[in-house]
Amino acid sequence: MKITALTRAYRRRAPGEPRAIGYLYIAPALAVYAVFLLYPFGQSVWLSFVHWDGLSVATPAGLDNYRALFADPALRAPFRHALLLLVFYSALPVAIGLLLAAVMSRVRVRGMTFFRTVLFLPQVLALIVVGVAWRSILAPDGLLNDALRAVGLGGLARPWLGDYTWALPAVGVVGTWVGTGLCMVLFLAGAQRIPRELYEAARMDGAGPLREFLAVTLPGLRPQIAVALTLTIVAGLRNFDLIYITTSGGPGNATSVPAYEVYHRAFETNQVGSAAAVGVALTALIFVLTVTVSRLVEGRRA
Amino acid sequence: MEFARTGARPPRGRAVPAALALGAVLFAAGCVPGTDGSGAAGARTGVATAVPDPATAGKVTLTVWDQEIRGGTNGEIQQLNREFEKKYPNVRIKRVARSFTDLKTTLKLAVSGNNPPDVIQANQGYPDMVAFVRAGLLTPLDDYAGIYDWNTRYPATLLGLNRVSADGRDFGRGRLYGISQTGEYIGLYYNKDVLRKAGLKPPRTWGEFTDGLARLKDRGELPIQFGNLDKYPAIHTFGVLQDQLGAAGARDTVLGRGDGFDNAATKNAAATLADWAKRGYLPGGANGLGYDDAAKQFASGDGAYLLTGTWQLTDLKKPMGDKLGIMPPPPAKAGAAPVTTGGQGLAWSITSRSRHPEVAAAYLDFLTDAHAADVMTRHGVLPAVPARAADRVSPDTADGQMVAGWKRLSAADGLVPYLDYSTPSFYDTLSAALQGVISGKTSPDAFAATLQKDYGAFMKKRREQHTSAGTE
Chain G
190 MKITALTRAY RRRAPGEPRA IGYLYIAPAL AVYAVFLLYP FGQSVWLSFV HWDGLSVATP
250 AGLDNYRALF ADPALRAPFR HALLLLVFYS ALPVAIGLLL AAVMSRVRVR GMTFFRTVLF
310 LPQVLALIVV GVAWRSILAP DGLLNDALRA VGLGGLARPW LGDYTWALPA VGVVGTWVGT
370 GLCMVLFLAG AQRIPRELYE AARMDGAGPL REFLAVTLPG LRPQIAVALT LTIVAGLRNF
430 DLIYITTSGG PGNATSVPAY EVYHRAFETN QVGSAAAVGV ALTALIFVLT VTVSRLVEGR
490 RA
Chain L
51 MEFARTGARP PRGRAVPAAL ALGAVLFAAG CVPGTDGSGA AGARTGVATA VPDPATAGKV
111 TLTVWDQEIR GGTNGEIQQL NREFEKKYPN VRIKRVARSF TDLKTTLKLA VSGNNPPDVI
171 QANQGYPDMV AFVRAGLLTP LDDYAGIYDW NTRYPATLLG LNRVSADGRD FGRGRLYGIS
231 QTGEYIGLYY NKDVLRKAGL KPPRTWGEFT DGLARLKDRG ELPIQFGNLD KYPAIHTFGV
291 LQDQLGAAGA RDTVLGRGDG FDNAATKNAA ATLADWAKRG YLPGGANGLG YDDAAKQFAS
351 GDGAYLLTGT WQLTDLKKPM GDKLGIMPPP PAKAGAAPVT TGGQGLAWSI TSRSRHPEVA
411 AAYLDFLTDA HAADVMTRHG VLPAVPARAA DRVSPDTADG QMVAGWKRLS AADGLVPYLD
471 YSTPSFYDTL SAALQGVISG KTSPDAFAAT LQKDYGAFMK KRREQHTSAG TE
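Chains as they are written, first to last, in this note's numbering: chain G, 190 to 491; chain L, 51 to 522.
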């Protein structure tokens, strides 16, 4: 009988065999990925080795564009700003998210869903909208300065986005505001998965809130912290829209970041090769940081 | 949150080497992007000898990319397009209108693609128009300029700004690559109510203007409304100050034949700007205030003066009505010739691979002739060459003042091109340095040195290119 022969033929193999068939399954996704990501990325890498104004014939640049990343202060500064912004875009949201999650999971707050929704709201808004809203909040006569003056702290009021010292932190705080909700929701979800018994055991042993947090909650949230760090680091380093809307890299170049520099060089100053080099370097930086996070925080081996 | 623990690693691990390898292969294969300008369509230039007649061109679709999306200019272009199609029923105009920034970012790809638009609006200066010319993407219009008398229609200064040298290196001289429809200049807008309350009249001299600032400040009024968060507005303000101290030198410098920026005019203009900021003649947080926000505050009565372009007139007129006045920055002596920063709207150019250059040329002429000027005037737009309708605008209205100021500037050759035309990177250099001056962080000397470093390096590069081109 044919059918029994067929079933027997299949039965001889372990499930999932032959192994190569796996490639067939991923082929559609891989094809899309290759066409829309790998190929353009390859092009960028290639462009980073030429001097090109986007129109006339390109000339080989060797490693010039990459050397400039280290030699040219106008290119070093954006990377320094981006790393500094990570404190606001990544470290602070994770820290504040942990604090909020610890408090919210310990104390029963009335209207918890409401607070959770409000804190998560910035994630739902388009960053353009966030940028426009904060631009008006941080304006010389904006909400923040008005509030400071109303409580008698008028001396602290300043044109936040136009101040050489404060523009970068001001943009950073917007990032903190955006990222905190995401981190908190991640941690709340993770905290619910920590077995109640662990908390009970900790309390039996006489652990206070701090001890309980350090011994039970924090280790239990390790995978979530890794995810939160990865997502916020990637978002922080890729950050373009907020800078574009709020400061365009100003005052002077005090808030220029690599992603903005890519756009600026490729489309505004006709330095396509240099823009590609910044893009490739940014990709490498993101890659290194995310791998580091997944190894250190999550404890995973490659 | 399961994926955190078991999910696949991001596939970048293998993608990066693969992409790097691909890049290396492409590079080794010697595929270099861009064109060397050989498609410059030299064959087509110089053949036009008679006035083209689009009616005989058969069925033609003219693709036009422009950035005239603001109220007045949009209406004026729509009307002129309709009239052109009516005049030549065989021609259909396919218009693609985008904002200035959107056009700037997409135009490069569009004109270098296989199916470029026939007519585009190219921004003057090195990053756009000169780059297009060097890549051979625009058609020289000198023949058409002869046929249609554009050379006599326009003041030479304005036409010069649309010129690029044949080798595609120099801006401001050489062949004509575009023609502009509108004129624009940085004017001194004033709020008549605020001035009257402070006991001031619209200033007739630069001295009257600056003396009035202190008086306004004493009365608790903001003398000059100004927002520089967007970085570029200070270029215009500084330009006006510099023009007062040495307009001819500034113009030569922009066009690559002046002594540059390491001079008294530059330093004194910067010192004046810093002084205005320090004395509170400008709003406290000027670097943190948006350009549009500043214009809105001026319109709502906050600020006696606003130094900005004529493009703002329509938006200011609506809320302010008769309270609004505008003039070119007053000259040193009453009745003398005014000087200011200004020029013209983006140039309308014909792409070198357009299949209907003659129809496109006829379209350009139609957009800029006397009839078009009247249409512009009726839409509240300042034409580069005002025609009869402009004479009928009441001289007491802001529109009338704007046109009168333009005529005086044109007659006296008092326009100095935008300073950011100076070098390919000058917009960045100048706008960043000016934010430093306004905040008091950069001294006038350091400011002048920064500008000169950029300018000097570019001039040196250009001289070297010229020498090597000469010895070839």
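In case anyone wonders, no lab produced these hints; they're calculated from the structure. Each residue gets a CB set at the ideal place from its N, CA and C atoms; glycine is no exception. Check the hints yourself; a few may be wrong.
Claimed, not checked - Computed footprint of chain L on chain G, listed as stretches where at least three residues anywhere in the stretch have a Cβ under 8 Å from a Cβ of chain L:
#1 234 to 248
#2 251 to 259
#3 265 to 275
Said to hold, decoys possible - Computed list of chain L residues with no C-beta within reach of chain G, every gap over 12 Å:
#4 THR113
#5 ARG184
#6 ALA314
#7 ASP343
#8 ALA482
To be verified - With the Cβ distance kept under 10 Å, some of the chain L side facing chain G (calculated, not the full set):
#9 PRO177
#10 LEU187
#11 LYS383
#12 THR447
Do the hints match the structure? See the list:
no., hint, in the structure
1, 234 to 248, "holds (count 14)"
2, 251 to 259, "violated (count 0)"
3, 265 to 275, "violated (count 0)"
4, THR113, "holds, 19 Å"
5, ARG184, "violated, 5 Å"
6, ALA314, "holds, 24 Å"
7, ASP343, "violated, 7 Å"
8, ALA482, "violated, 4 Å"
9, PRO177, "holds, 5 Å"
10, LEU187, "holds, 7 Å"
11, LYS383, "violated, 36 Å"
12, THR447, "violated, 31 Å"
Comparing the model with each earlier hint shows violations of hints 2, 3, 5, 7, 8, 11, 12; every other hint is respected.
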